[in-house]
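Peer 1: Each chain, letter by letter, is given below.
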Amino acid sequence: MIQNLVDGVLVGSILSLGAIGLTMAMHMLRFANFSHAELLSIGAYAALVFDGLFGAIHPALAEAIPPLSLTWSLTLALLISMGLTGLSAVAIDRLVFKRVRAKGGELSMVFASFGVAMIIRNILGLIFGLNPKLYSQDIVFAIVVSRDPFLLIKPDQVFTLVAALLIMFILHLVLSRTTFGYSLRAVAENPTLAQVSGINLSRMIVLIWLIGGGLAAAAGVFYGLTNQISPVLGRDLVLPIFAATIVGGIGSIYGAVLGGFLVGLASNLALVILPSGYSPAVPFLIILAVLILRPHGLFGEERT
Amino acid sequence: MIGVISYLVFFATVASILSIAVLGLNLQWGNTGLFNGGVVAFFGAGAYGTLILGGTPQAGQLGGFGLPYLLALIGGMVCAGGVAWIVGLLTIRLRHDYLAIATFGVAVAFETMMRNTNALGGAQGIRGFERPLREALGAGFTYNLVFFGFVLILLIATYLFLERLIKSPFGRLLRAIREDEMAAQSLGKSPSRIRLTSFVAGSVVMGLAGGLYATFYAFISPQDVLPILTFQIWAMLIVGGAGNNKGAVMGTFLIWAAWTASGWALSRFAPLEVQLYTGSIQFVLIGFVIVGMLLWRPQGIFPERLVVSQSARSNK
Chain A
1 MIQNLVDGVL
11 VGSILSLGAI
21 GLTMAMHMLR
31 FANFSHAELL
41 SIGAYAALVF
51 DGLFGAIHPA
61 LAEAIPPLSL
71 TWSLTLALLI
81 SMGLTGLSAV
91 AIDRLVFKRV
101 RAKGGELSMV
111 FASFGVAMII
121 RNILGLIFGL
131 NPKLYSQDIV
141 FAIVVSRDPF
151 LLIKPDQVFT
161 LVAALLIMFI
171 LHLVLSRTTF
181 GYSLRAVAEN
191 PTLAQVSGIN
201 LSRMIVLIWL
211 IGGGLAAAAG
221 VFYGLTNQIS
231 PVLGRDLVLP
241 IFAATIVGGI
251 GSIYGAVLGG
261 FLVGLASNLA
271 LVILPSGYSP
281 AVPFLIILAV
291 LILRPHGLFG
301 EERT
Chain B
1 MIGVISYLVF
11 FATVASILSI
21 AVLGLNLQWG
31 NTGLFNGGVV
41 AFFGAGAYGT
51 LILGGTPQAG
61 QLGGFGLPYL
71 LALIGGMVCA
81 GGVAWIVGLL
91 TIRLRHDYLA
101 IATFGVAVAF
111 ETMMRNTNAL
121 GGAQGIRGFE
131 RPLREALGAG
141 FTYNLVFFGF
151 VLILLIATYL
161 FLERLIKSPF
171 GRLLRAIRED
181 EMAAQSLGKS
191 PSRIRLTSFV
201 AGSVVMGLAG
211 GLYATFYAFI
221 SPQDVLPILT
231 FQIWAMLIVG
241 GAGNNKGAVM
251 GTFLIWAAWT
261 ASGWALSRFA
271 PLEVQLYTGS
281 IQFVLIGFVI
291 VGMLLWRPQG
301 IFPERLVVSQ
311 SARSNK
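Those protein sequences? They're chains A and B, same order as listed. The letter at position 134 of the first sequence is residue 134 when you use our numbering, and the numbering goes up by one with no holes. The letter at position 183 of the second sequence is residue 183 when you use our numbering, and the numbering goes up by one with no holes.
Hints in this document: simulated from the structure, not taken from any laboratory. Treat the numbers as computed from the prediction; the structure is a model and nothing was measured. Ideal placement from N, C-alpha and C gives every residue a C-beta, glycine not left out. Accuracy of the hints is not assured; some may be wrong.
Here are some, though not all, of the chain B residues that point toward chain A, as calculated from beta-carbon distances under 10 Å [unchecked claim]:
# : residue
1 : V87
2 : L90
3 : A119
4 : T230
5 : L272
6 : Q275
7 : L276
8 : L294
Required output: the full structure, derived from the provided sequences and hints.
Peer 2: Here is the structure:
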C-alpha cells in the first residue's frame, strides 16, 4: 500500500511533465493531440543516442554518479534531447499541423495527430528495433527504506522526482514572473485580444511547442531511467497523460501537474484491488469518473 | 483458377464487412462531425456479443446461449449501441476533444478487459461458435460464396438505409448541426440529443460489422480489436471521402487492397530480417497516406456532394 503510494507519486511526476505540454497545446490550438506522447519516445531515444555518443568521446563521462545509475553523459544528453525534442515538435507543427490548421478543420487535426503518432512510433521501431532498451546495463539495487510496511525505493526514482519537481518549479517562475508568462496567459484567455495588444500569436505557438516538447523529452528520459525505453512507450502513456489533462481541466497548467500526480497515484493504488493486467484501463475509468463528477476538470473552465 | 476466385471471395467478404463499419463511421464523422477514436470498441462489442449469444457453452466462459444466429447478430448490435450510449451520454455535451479521448479510452479499456477476463475468453479469445447453416452447406467454397452473398446483401441494405437517412429531414438536421450548432439550436433543435442518436446509430452499424467479422472467422480474440483497426477504418473513410457513402465503400476496397498487397509484397520480396518489421513498415505507409490525404486532398477521392434543398432552389 505504502509502496503503491510512493510509486504512484514517482510515476505521477513523469505524467505531469507530459501533461503540461499537452494541455498547453490543446488549449491554444484546440485539438486533442494524440501524438504528444510520441514526443516522450523521441526524447527518450534522442537521449539514448547522445548518451552513447558522449560516453564514447570521453570514458569519464560514462561513469555513473553514485548512488544513481545516471551518468554525466546522460545528464548532458538529457539537456540536448530536451532541445531537440522541442525542435521536433516545432517541425511537426510546421510540416503537418500548421497546414491542416490552415485548411480549417479542428477535428482533422485530431486525425492528423493519429497519423503522426503512427508514423513516429513505427519509424522509431524501425530505427532502434522493437526490443526494449536501457540507459545503463548496471544493476542498481533498490534501497529498503523500511521493512514494515515494506518499502523499496531506487535512488534513480528519487532523482527523477526531484528533477521533475525542479523543472516544474522553474516553469512556474517563468509563467508567473516573465513577460512571456503573461503573454502566454493572455493568449490562453483571449487570443484575439492578445493579438491586438501586440502579442505575436505564431511566435507563441512555436514557444509552446518548444516548451511542451522539452518537458515531454524530460518525461521520456525519466521514464526510461526508471523503467525501460521502447517504441511503444508513447502508446502506453498517451491515455494516462490525456487523463491527467482532463482531471486538471484542459488548459490549466497547474491542473495538469496535479492531474498527473492524481492519475499516477490512482493507477498504482488500483493495483491493490485489481490484477495488474487491468492497469491500462484505469486511466479510462478516471476519465469517466471526472466526466461524471466534474466535467471540466479541477481547474478547467467551461468552453465549447 | 478456383484458387484465385476463392481468394477474391475471401477478400471481398472481409472488405465488405469493413465497408459496413466505415459506413457507420461515415454517419458519425462524415455527416455529424463526431470524432470516434475507438471504432474497435464498438466493432468488438458487436463481435463478442454475437459469439457469446450465439455460441455453444464452453467451460469457464460466459455465454454459450446458443441463440438463433440472426438474434445473436442483433444482440451484438445492441451491445455496441449500449456501449456507445453510455460513452455518448457522458461526453457528447462537452467540447469535441472529450469524445475523441473518451472513445479512444473505451477502446483501450475494452481490449484490456477482454484480454484479462477469462470469463470473456481472455487472451485466447472466444471459440465454440458454430457458423450458421454449416451442416447444410459444408465448409468449402460454397459456404464462403453464400456467406459473401449474405454480407453483400447486408452491405447494400446498410448503404440504402444510410442514403435514405441522410437525405431525410433527420440527415439534413445532422449536417446542420455539423456546420453550425448554434444556428440549429436557435431553430429549436436539440443538438446534443441528435448527436447522441447519430453516435449510437453509427456504433450499432459498426457492431453489425463486428458481428459479421466474428461469424466469418467463427472466432474473436483481443488480437482482433487492436487500435490499428480503428486507424485503418479511419484511413478508408478519409481516402474515400468523408460524407459520401459511395466514397466510404470505395475507400474501403482501395485501402484494404493496398494493405493486403503491401503485406504480400513485403513477405514475398523483402529480405528475411526485414520481415519482422513488416507491420511497422505498413503502419508508417498508412500513416503517410493519411497525413498526405489531409494535407493535399482532405475531401477524399469522392468528395461529399453538397445538396441544395428543393425549397431553397425554387426561391431563386
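Peer 1: Next step is simple, just say for each hint if it's right about the structure.
Peer 2: Verification of the supplied hints:
1. About 9 Å separates the beta-carbon of V87 (chain B) from the nearest beta-carbon of chain A, less than 10 Å, and the hint is met.
2. The restraint placing L90 (chain B) at the interface with chain A holds, with a minimum CB-CB distance near 5 Å, inside the 10 Å limit.
3. Proximity of A119 (chain B) to chain A is violated relative to the hint, the smallest CB-CB distance being about 13 Å (cut-off 10 Å).
4. Interface restraint check: T230 (chain B) against chain A, minimum CB-CB distance 8 Å, threshold 10 Å, status holds.
5. Residue-level restraint check for L272 (chain B) is violated (minimum Cβ-Cβ distance to chain A is 15 Å; threshold 10 Å).
6. Proximity of Q275 (chain B) to chain A is violated relative to the hint, the smallest CB-CB distance being about 13 Å (cut-off 10 Å).
7. Restraint check, L276 (chain B) versus chain A: the minimum CB separation of about 7 Å is within 10 Å; hint holds.
8. Taken as an interface hint, L294 (chain B) checks out: its beta carbon lies about 5 Å from the nearest beta carbon of chain A, inside 10 Å.
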